[in-house]
Amino acid sequence: NAGVTQTPKFRVLKTGQSMTLLCAQDMNHEYMYWYRQDPGMGLRLIHYSVGEGTTAKGEVPDGYNVSRLKKQNFLLGLESAAPSQTSVYFCASRTTSGGTGELFFGEGSRLTVL
Amino acid sequence: AQSVTQLDSQVPVFEEAPVELRCNYSSSVSVYLFWYVQYPNQGLQLLLKYLSGSTLVKGINGFEAEFNKSQTSFHLRKPSVHISDTAEYFCAVSDLRDTGNQFYFGTGTSLTVIP
Numbered sequence: 001n002a003g004v005t006q007t008p009k010f011r012v013l014k015t016g017q018s019m020t021l022l023c024a025q026d027m028n029h030e031y032m033y034w035y036r037q038d039p040g041m042g043l044r045l046i047h048y049s050v051g052e053g054t055t056a057k058g059e060v061p062d063g064y065n066v067s068r069l070k071k072q073n074f075l076l077g078l079e080s081a082a083p084s085q086t087s088v089y090f091c092a093s094r095t096t097s098g099g100t101g102e103l104f105f106g107e108g109s110r111l112t113v114l
Numbered sequence: 001a002q003s004v005t006q007l008d009s010q011v012p013v014f015e016e017a018p019v020e021l022r023c024n025y026s027s028s029v030s031v032y033l034f035w036y037v038q039y040p041n042q043g044l045q046l047l048l049k050y051l052s053g054s055t056l057v058k059g060i061n062g063f064e065a066e067f068n069k070s071q072t073s074f075h076l077r078k079p080s081v082h083i084s085d086t087a088e089y090f091c092a093v094s095d096l097r098d099t100g101n102q103f104y105f106g107t108g109t110s111l112t113v114i115p
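Residue numbers (our numbering), protein chains in the order written: chain A, 1 to 114; chain B, 1 to 115.
Some clues are possibly wrong.
Stated by the list, open to error - Just the calculated beta-carbon pair ranges, DEER-fashion:
hint, chain 1, residue 1, chain 2, residue 2, range
1, A, 12, B, 51, 39 to 45 angstroms
2, B, 45, A, 110, 14 to 20 angstroms
3, B, 30, A, 59, 15 to 21 angstroms
4, A, 65, B, 20, 26 to 32 angstroms
What the hints contain is simulated information worked out from the structure, not anything from laboratory work. Treat the numbers as computed from the prediction; the structure is a model and nothing was measured. Backbone N, C-alpha and C define an ideal beta-carbon position, used for all residues, glycine too.
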């Protein structure tokens with residue numbers, strides 16, 4: 001039972017480079033989310049999706065883009081990485097639209113931008 | 001939008017002592033409440049959740065939390081902690097009024113259990 005899988009788990013980029021983080025879930029969940037975690041700031045929502053082909057902005061969307069072409073996958077892209085984007089990124093998914101379903105998290109992707 | 005406040009950023013406690021981690025949120029209208037735990041270099045795992053009904057909720061690993069609507073609080077408690085409880089704990093609120101039923105997280109409380 002894989003749950004939520006994130007790849008890659010670690011990445012080092014230079015300023016200006018681009019990359020994509022992949023999130024895959026095998027639980028047939030409708031909702032998927034990307035968060036970033038920074039010391040002393042908890043988790044902040046970057047973007048989310050309520051279904052295949054839909055995306056929406058969260059609290060801190062600037063500098064990121066997302067796509068949900070397939071229900072099980074949610075991609076987070078950085079077009080031109082900046083040092084401020086050094087963080088741990090978590091993908092999460094949930095099963096219901098009524099707010100009763102808890103979030104299931106991946107193990108995180110640690111990104112360093114030099 | 002909701003705001004979630006975890007009043008203590010770090011809580012040291014001796015092994016087998018009780019502990020309370022505090023959480024306050026901004027509005028009790030149409031919300032569900034959660035506590036998550038994060039062990040080092042891992043993702044977040046659900047400890048417990050309050051959706052409705054009894055205000056005292058029991059979770060995994062002996063943790064429990066009490067929903068207090070009038071004080072907009074959802075404090076986490078454990079009567080006797082173990083070394084293995086050392087972790088980061090996050091309080092979260094799901095606001096049913098938001099598109100996507102977004103979760104709002106507190107800044108976390110680092111619990112350190114001292115032998």
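Against the structure, the hints come out as follows:
no. : hint                                  : in the structure
1   : 12(A) with 51(B): 39 to 45 angstroms  : holds (41 angstroms)
2   : 45(B) with 110(A): 14 to 20 angstroms : holds (18 angstroms)
3   : 30(B) with 59(A): 15 to 21 angstroms  : holds (19 angstroms)
4   : 65(A) with 20(B): 26 to 32 angstroms  : violated (42 angstroms)
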